[in-house]
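Chain by chain, the residues:
There are 2 protein chains.
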Amino acid sequence: MSQRKQVVIIGGGFGGLNAARGLDGADVDITIVDRENHHLFQPLLYQVATSGLSPGAIAVPIRSVVGRQPNTRVVLGEALGVDLTRKEVTLSSGATLRYDWLVVAAGAKTNFFGNEHWAQHTIGLKNLRDAIQIRERVLLAFEAAEQETDDATRKRLLTFVVIGGGPTGVEMAGAISELGRTVLADEYQRIHSSDIRVILVEMATRLLTPFRPDLSASAADQLRELGVELRLGQRVTDVTAAGAVVNGELIPASLVVWASGVQPVSLAQRLGVQLTRRGQVRVDGNCAVLGHPDVFCIGDMAAFIPAGATDALPGLAPVAIQQGRYVARTIRGDLRSMARKPFVYVDKGIMATIGRSRAVVQSGVLTTSGLLAWLAWGFVHIVYLIGFRNRVMVLFEWMWAYVTYKRGTRLVTHLPRGADALPSPHALAPAPGTTGPTSSSPR
Amino acid sequence: MSQRKQVVIIGGGFGGLNAARGLDGADVDITIVDRENHHLFQPLLYQVATSGLSPGAIAVPIRSVVGRQPNTRVVLGEALGVDLTRKEVTLSSGATLRYDWLVVAAGAKTNFFGNEHWAQHTIGLKNLRDAIQIRERVLLAFEAAEQETDDATRKRLLTFVVIGGGPTGVEMAGAISELGRTVLADEYQRIHSSDIRVILVEMATRLLTPFRPDLSASAADQLRELGVELRLGQRVTDVTAAGAVVNGELIPASLVVWASGVQPVSLAQRLGVQLTRRGQVRVDGNCAVLGHPDVFCIGDMAAFIPAGATDALPGLAPVAIQQGRYVARTIRGDLRSMARKPFVYVDKGIMATIGRSRAVVQSGVLTTSGLLAWLAWGFVHIVYLIGFRNRVMVLFEWMWAYVTYKRGTRLVTHLPRGADALPSPHALAPAPGTTGPTSSSPR
Numbered sequence: 001m002s003q004r005k006q007v008v009i010i011g012g013g014f015g016g017l018n019a020a021r022g023l024d025g026a027d028v029d030i031t032i033v034d035r036e037n038h039h040l041f042q043p044l045l046y047q048v049a050t051s052g053l054s055p056g057a058i059a060v061p062i063r064s065v066v067g068r069q070p071n072t073r074v075v076l077g078e079a080l081g082v083d084l085t086r087k088e089v090t091l092s093s094g095a096t097l098r099y100d101w102l103v104v105a106a107g108a109k110t111n112f113f114g115n116e117h118w119a120q121h122t123i124g125l126k127n128l129r130d131a132i133q134i135r136e137r138v139l140l141a142f143e144a145a146e147q148e149t150d151d152a153t154r155k156r157l158l159t160f161v162v163i164g165g166g167p168t169g170v171e172m173a174g175a176i177s178e179l180g181r182t183v184l185a186d187e188y189q190r191i192h193s194s195d196i197r198v199i200l201v202e203m204a205t206r207l208l209t210p211f212r213p214d215l216s217a218s219a220a221d222q223l224r225e226l227g228v229e230l231r232l233g234q235r236v237t238d239v240t241a242a243g244a245v246v247n248g249e250l251i252p253a254s255l256v257v258w259a260s261g262v263q264p265v266s267l268a269q270r271l272g273v274q275l276t277r278r279g280q281v282r283v284d285g286n287c288a289v290l291g292h293p294d295v296f297c298i299g300d301m302a303a304f305i306p307a308g309a310t311d312a313l314p315g316l317a318p319v320a321i322q323q324g325r326y327v328a329r330t331i332r333g334d335l336r337s338m339a340r341k342p343f344v345y346v347d348k349g350i351m352a353t354i355g356r357s358r359a360v361v362q363s364g365v366l367t368t369s370g371l372l373a374w375l376a377w378g379f380v381h382i383v384y385l386i387g388f389r390n391r392v393m394v395l396f397e398w399m400w401a402y403v404t405y406k407r408g409t410r411l412v413t414h415l416p417r418g419a420d421a422l423p424s425p426h427a428l429a430p431a432p433g434t435t436g437p438t439s440s441s442p443r
Numbered sequence: 444m445s446q447r448k449q450v451v452i453i454g455g456g457f458g459g460l461n462a463a464r465g466l467d468g469a470d471v472d473i474t475i476v477d478r479e480n481h482h483l484f485q486p487l488l489y490q491v492a493t494s495g496l497s498p499g500a501i502a503v504p505i506r507s508v509v510g511r512q513p514n515t516r517v518v519l520g521e522a523l524g525v526d527l528t529r530k531e532v533t534l535s536s537g538a539t540l541r542y543d544w545l546v547v548a549a550g551a552k553t554n555f556f557g558n559e560h561w562a563q564h565t566i567g568l569k570n571l572r573d574a575i576q577i578r579e580r581v582l583l584a585f586e587a588a589e590q591e592t593d594d595a596t597r598k599r600l601l602t603f604v605v606i607g608g609g610p611t612g613v614e615m616a617g618a619i620s621e622l623g624r625t626v627l628a629d630e631y632q633r634i635h636s637s638d639i640r641v642i643l644v645e646m647a648t649r650l651l652t653p654f655r656p657d658l659s660a661s662a663a664d665q666l667r668e669l670g671v672e673l674r675l676g677q678r679v680t681d682v683t684a685a686g687a688v689v690n691g692e693l694i695p696a697s698l699v700v701w702a703s704g705v706q707p708v709s710l711a712q713r714l715g716v717q718l719t720r721r722g723q724v725r726v727d728g729n730c731a732v733l734g735h736p737d738v739f740c741i742g743d744m745a746a747f748i749p750a751g752a753t754d755a756l757p758g759l760a761p762v763a764i765q766q767g768r769y770v771a772r773t774i775r776g777d778l779r780s781m782a783r784k785p786f787v788y789v790d791k792g793i794m795a796t797i798g799r800s801r802a803v804v805q806s807g808v809l810t811t812s813g814l815l816a817w818l819a820w821g822f823v824h825i826v827y828l829i830g831f832r833n834r835v836m837v838l839f840e841w842m843w844a845y846v847t848y849k850r851g852t853r854l855v856t857h858l859p860r861g862a863d864a865l866p867s868p869h870a871l872a873p874a875p876g877t878t879g880p881t882s883s884s885p886r
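If you read the protein sequences in the order shown, they are chains L and Y. Counted from 1, the first sequence has number 335 at position 335 by our numbering; the numbering is strictly sequential. Counted from 1, the second sequence has number 478 at position 35 by our numbering; the numbering is strictly sequential.
One chain only, chain L, in its complex shape:
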């Protein structure tokens, strides 16, 4: 057996996968470790949550992307810790992986800012489980509301609260409102568009704070056109089984979506290296952990501060992608004992979508809102998807939804069956056009 140098990559997201692909053919053995068997295109996760796309359209097995690279091995498992001195990663299976270079790219998880107990009453949006859970909760809320006779309960069932006015929150609120009003309301005989309430809560006084104020205002207008109620400059003080408490007022809701922020996965703390106040790993100009040039940390886990800047790069897919490619180039350079060049982020701008023909884009090439922004958003997301199959699937689903005003994946498959799955005690109201006690509803 050879004594080839070992590269261990923790995480098969944008950063890790691009690092592995960038090392295709290099004279190293690569092991990529992930807790999931698939790479997830997170920017479109909210469309899985709102019945627009199948999980299979935005996820692709890590193995099918890099499994045929002869120097790359994929391991399903969780990295529990790293021994920086012995250069070993310990997995949850008890096994260890020795490395010459380590790429830590394990991403972020939902941040409840110290209110972890809220997690049982609200759902974040970080993985397919979250998205499918949100999808089923929304669909079951409509089913229950259709059968509900008590007005207050019915109102609660059709109220959805989204916490956090960043891109994820804006996209979720817009998509839930559109799903409810445009797609679902028509198919339920007792639900009218006006019965549906979608409330977006943001602590700051405007949405999408990284964007220019005029784009934030445009996003707010576009959301209001879709019927979303904005609560700007308001604070969530509690989340319970009944709903969310906003500025002291309980908003009864059938679903509270948590889109308020993320934090690095807990592996960051177990590395034993210097973290920022937000819990990210401090890295140098080469994306390497301070004092450990053989350990890279990239993507959402890392705080990379560009030369001359004061803030770290944001947690965006393009940052992770560019860093992944950079790390691969740097390791190739190390193999030939070349001096490392610093990482330079090429900022291509930011964008967020709100709904059909609605979006905002802010970049060097184009800064706009509305239809043009929406088309640009769609184009960029198709291009960044991994694989021909996923591109075709997503494009087809989008065109089909655009033409038919329908959503393709309104399935409830994982919650308990039938009536037991309905989120509240409910009674069945009389069928349309029937009268008399025989069709009435005992509670």
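Hints are supplied without guarantee of correctness; some may be wrong.
Capping the alpha-carbon separation at 20 angstroms, the derived lysine to any residue pairs in SDA-like fashion look like this [to be verified]:
(1) Y/LYS849 with L/GLY67
(2) L/LYS126 with L/THR149
(3) L/LYS5 with Y/GLN632
(4) L/LYS87 with L/GLN274
(5) Y/LYS849 with L/PHE388
(6) L/LYS341 with L/GLY285
(7) Y/LYS849 with L/ARG68
Since the hints were derived computationally from the structure, they do not count as laboratory data.
Given the coordinates of chain L, work out where chain Y should sit on it, guided by the hints.
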């Protein structure tokens, strides 16, 4: 409010959905009750179980099929029982639905033939939950095998037993073998095609007993070409956590799929009407329950014996579809006080697929096996799918799989995360090209 006549349909499968669609525009109020929110195209369920299709490609919300019919209402819930005298259906929510005509089309469930306790160690194939569970078990078995160092455990992990040599069993065995050998083996560095064992067990001495013996023989040959091990004329005497006991011999396996038979859902017993030995509801020449002309029973739940025949019609989609349409026509006739005409089944033949370019077809038009049968099978299944979107999705996935030899939906999303999800205690073998104790695997 009007006093329109009420039609209650229990079940949104092929029978119920076709009955509801056939009554579009008729002067009745229709309520369709189902435990699931979606109609499922069961003939392709095995492709969801083997990562070929997304759940969303073969399921469509019942509401989106009939929800915009003005006279039709969809209720998510379970029918607990029927009062044939008061003409009322009781739902699990406690509500009741009065009917003038009742269509019972609730389908079938997995039949363990008195060994219900086997259910905890084997998975049937009746709904999307079953299919997703099988998919994840197969994929996780491969992940675990890739990391396993103990030979016996590894062998067990890569052994899959399918019980039942009818169309479902033949399709499952062929598809698992093909998935393992053609798609997966290439992407795992430590798994070779020859490590994978797929065993199909059938009590009868030939597969596909409803087919002509030469087609059964052809199916057996085609399965063997795909590497499936056939155990014909053998009996399963136990199913445990370790595997299946066949003719007294324990076959250690990571997954046992139960495709051995179905029985009507338990609602059949609660109707209080005459059942056959197999538990099906006896119906007359009008698909009506004996003595209850206002209660139709169709599809897998019903035993319809054609005039002059001795056997009931088989549990096939075309039977349910034709009966659903017939019931709609009959109710329309009843509304105009016309005499009922008997139901006549138009037998278009039977078909089963085995794998890429492999199938058997037996019908009036065509009786053949191999490529031509496979193309005919594909054509018929695309045509019978409900909705343009599903047809395009399935067609695209098939063409993509045909060209790339890949499968599009190899996702594990619902089992516990990462290493905890692996089906057996396992250790991680050394990475390729590494040596020495630092990369070894403590157990």
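For each hint, the structure was consulted:
no.	hint	verdict
1	Y/LYS849 with L/GLY67	holds (12 angstroms)
2	L/LYS126 with L/THR149	violated (35 angstroms)
3	L/LYS5 with Y/GLN632	holds (18 angstroms)
4	L/LYS87 with L/GLN274	holds (18 angstroms)
5	Y/LYS849 with L/PHE388	holds (12 angstroms)
6	L/LYS341 with L/GLY285	holds (8 angstroms)
7	Y/LYS849 with L/ARG68	holds (12 angstroms)
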